[in-house]
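A.B. asks: The residues making up each chain are set out below.
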Amino acid sequence: MHDMSVNTAHHHSPPTTFISKHVFSLDHKVIGKQYFALALVAAYVGMFLSWLMRIHLAWGDAPIPGLQLLSANGAPGGVMTPEYYLQLMTMHGTIMVFFVLTTAPFAAFGNFFLPIQVGAEDMPFPHFNMMSFWVTFVAFIVLMASFFVPDGPTLGGWTQYAPLNSVGPVAGPGQGLGVILWMASIGLFCVGQLLGSLNFITTTLDLRVKGMSLMRLPLTAWAWFITSCHVRS
Amino acid sequence: MATTIHEPPQIDSERLPGHGKGGWKDLSPADGDLRVVQEYSPPPSSTAIWVVIFGVTMMFAAFSSALIVRKGSSYDWQSFTLPSILYLNTFVLLLSSVSLEIARRRIATFMGGLKNHVGQPNTQNPSRWLYITLALGLLFVAGQYVAWRQLAAQGLYLATNPSSSFFYVLTAVHALHVLGGLGGLLYCLRRLSKSTLRRNTLVATARYWHFMGVLWVYLIVLLWIKL
Amino acid sequence: MGGQMLPHSGGSTLLWQHLFWFFGHPEVYIAIVPGIGIVSHILLANMRRQMLSQRTLIYSMGALAILSYMVYGHHMFVSGMNPFSALAFSFPTLVITIPATIVVLIWTFSLYGSKLRINSASLFALGFISMFVSGGVSGFFLAQPSIDIMLHATYFVVGHFHLVMAVAAMFGIFAGTYFWFPKMAGRMMNEPLGKIHFWLSFVGAYCIFMPFHYLGMAGNVRRYAAFVDDYLQPLISVHRFITVAALITGFAQLIFLYNLIHSRFWGKPATDNPWEATSLEWSTATPPPFDNFGGKHPIVYHDPYQYNVQSSVGDYVMQTSPEQVKTEREEL
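Protein chains in written order, with my numbering: chain A, 1 to 233; chain B, 1 to 227; chain C, 1 to 332.
Mixed in with the good hints, there may be bad ones.
[Claimed, not checked] Here are the computed distance ranges between Cβ atoms for each label pair:
#: 1; chain 1: C; residue 1: L116; chain 2: A; residue 2: V79; range: 41 to 51 Å
#: 2; chain 1: A; residue 1: W134; chain 2: C; residue 2: F290; range: 19 to 29 Å
#: 3; chain 1: A; residue 1: L70; chain 2: C; residue 2: Y214; range: 44 to 54 Å
#: 4; chain 1: C; residue 1: L87; chain 2: B; residue 2: S74; range: 24 to 34 Å
#: 5; chain 1: A; residue 1: A72; chain 2: C; residue 2: L254; range: 25 to 35 Å
#: 6; chain 1: C; residue 1: M210; chain 2: A; residue 2: Y161; range: 25 to 35 Å
#: 7; chain 1: C; residue 1: G62; chain 2: B; residue 2: L158; range: 39 to 49 Å
#: 8; chain 1: C; residue 1: L87; chain 2: B; residue 2: T196; range: 56 to 66 Å
No wet-lab data here; the hints were simulated from the structure. On a predicted model such as this, the values are computed, not experimentally measured, just so you know. All C-beta atoms, glycine included, are put in the ideal place defined by N, C-alpha and C.
Produce the complete structure using the sequences and hints provided.
C.D. replies: The following block contains the structure:
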């Protein structure tokens, strides 16, 4: 028996094909797991970068075997240049803050559990939700791509202070294309998170089941709701 | 310790969906002793569009503050007169808001199966005024493009001067969001043709569209003062 | 959302910093607030009793969120902005420690006297509290412009934000993973491996980031790739210690990865509610069906954390259970 006055998410029938079940899924649980996987990969990449930084700080003159394969300019013979150190540091910070710390606790767990904790069948805008993941994914790819452009990624730190970020390659390797890719990636990331937070806020406010007042929400639901409002602004 | 007895929340059967006022008092338990949870929540599309409007407002607020500070702190600000077609564009956009409202009422009449305002069964195509809004919206974007060409003809490009940069960026970002609104209108049109358009969807789209108009008025005033 | 700055001569570096940090500071709260929620959620399930005041927790989270917009200038104390604004930012920064402290105190006093069930999830939750407090305390120093002049852009700052944001949030993520993995994947994670992961990470994180504070006070500037000054050379041994600790801690994360993958395919199958928790996610099947509740709409009868009550299933009553029980305190 369907209570008309309780809002329900869009009814979509269960997916059947592999693509619609695992790749372009509209199901918030699958999207949550996809975000989790993305965060996991990003975390290990970021951790690997931190290892490189730490090794360089401790034994600055020692060559790191294999590093010249990642960047011939940045690490000739495996010895990291100071510029390359800054590039690695920038990427470490950017990846960790955006693609791990924002993605895992908020997007991954939130997507999976918020609708369930609220009692809903799914988020109110499953297509936006799916887009939010894939946009974030593309943002990650764009950021990773900056490792492989000739001059390497940007070196301005995750804070990208002006004017270092805006004067172009004269500031150092990676300040040309690297900065552009960084900006594009973060812009895409922001769009993805805006789409996601839209879903979160609407779910929390509109899709609670009978008996679920705001004060009866679990604390995690509150945390995700507050975080989503943050993301909007 | 108190023993709290919980009955399942009472449903207020007098409140039909769509007639509640929504708003904050519907989101938390009613005051008084009875722990009755209101059944009515705002429709998702309504909440969603307010969230979107809020987000877009924040972004343009950031842009505005950047513009004001940048102008105030520089010596190289080159003021220029705004192309006059912008005022025509403003008029077009506001007109499209009017046509959208007409469309909304016509569609409501149509979907409700009621007679129209002159007391006859509705024979007009209900989506006509939506198409008109769409056309006016496209006209607006086209007009913006003309404005950009006019500026370029004067030698003012994106990177010529901070003032021209802000002009291009602000108008382009606004136009992008207008295109998004046009997408929403197309969505409504498609749904209408299949007779599956929900009232809330149309209301949300209209709200967004009107916001675009209001935002544009704000922008043009800001640009006129600052540029 | 900060707008993107265009490459341009002229312009204001200070403007960039204002715009960036107006976004950047709430951004880091975005990273930590879900962690606070997750940790509370997990501690409640493992403490088997309620928080001292759940309402206060919610309001504190909200206060953190609101205040976070007013503190952003504390990243800019030495940027050349008006020193009076430094004072104006320092004050809310100090004030924002209040809701954060309230949250920690509620946790601590709720934990006191409870019989906390020890499992990987609750260990990481406790670790979160520890890291959050450690990192938060060093933030207190940085909040004051006079001290920040000395410590800005040194390793002290790096130590602070890694502890309070990076490690704490990571611990929150780990805690959430250990707690929710049964629901997400239908299998339990390996408990002994989880505990090893915890202890290595906990000790390792402190070994890495505590010395950062020392380095910062000794004058080690951040974002420098190498040390050529004589006065930084003696710090190299500290750096080497940190590097070794970092590599070991890094390897511990590989244990976690192994645990994840192995449990996903070969872990012990999980029941619907292995932690005997009360919120809605535990009332549905494991893993949840396509529409989450199998076609029914659940009805919620209780507050979210009714532990320490006597009911037909044990010392808790689920949110969706219509059973009427004597609750520990007046429901919200």
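A.B. asks: All the hints need checking, so say for each whether the structure fits it.
C.D. replies: Taking the hints in turn, this is what the structure says about them:
Remark: the range hint 41 to 51 Å for L116(C) to V79(A) is upheld by a beta-carbon distance near 49 Å. The hinted range of 19 to 29 Å is satisfied by W134(A) and F290(C), whose Cβ atoms lie roughly 20 Å apart. Checked against the hint of 44 to 54 Å, the C-beta distance between L70(A) and Y214(C) comes to roughly 32 Å, which is inconsistent with it. L87(C) and S74(B) have their C-beta atoms about 27 Å apart, which keeps the hinted 24 to 34 Å range intact.
As the Cβ distance of A72(A) to L254(C) is approximately 28 Å, the hint placing it in 25 to 35 Å holds. In this structure the hint that M210(C) and Y161(A) lie 25 to 35 Å apart at CB holds, the actual value being about 28 Å. Hint check: G62(C) to L158(B), Cβ distance near 41 Å, so the stated range 39 to 49 Å holds. As the Cβ distance of L87(C) to T196(B) is approximately 59 Å, the hint placing it in 56 to 66 Å holds.
The earlier numbered hint that this structure contradicts is number 3, and it is the only one.
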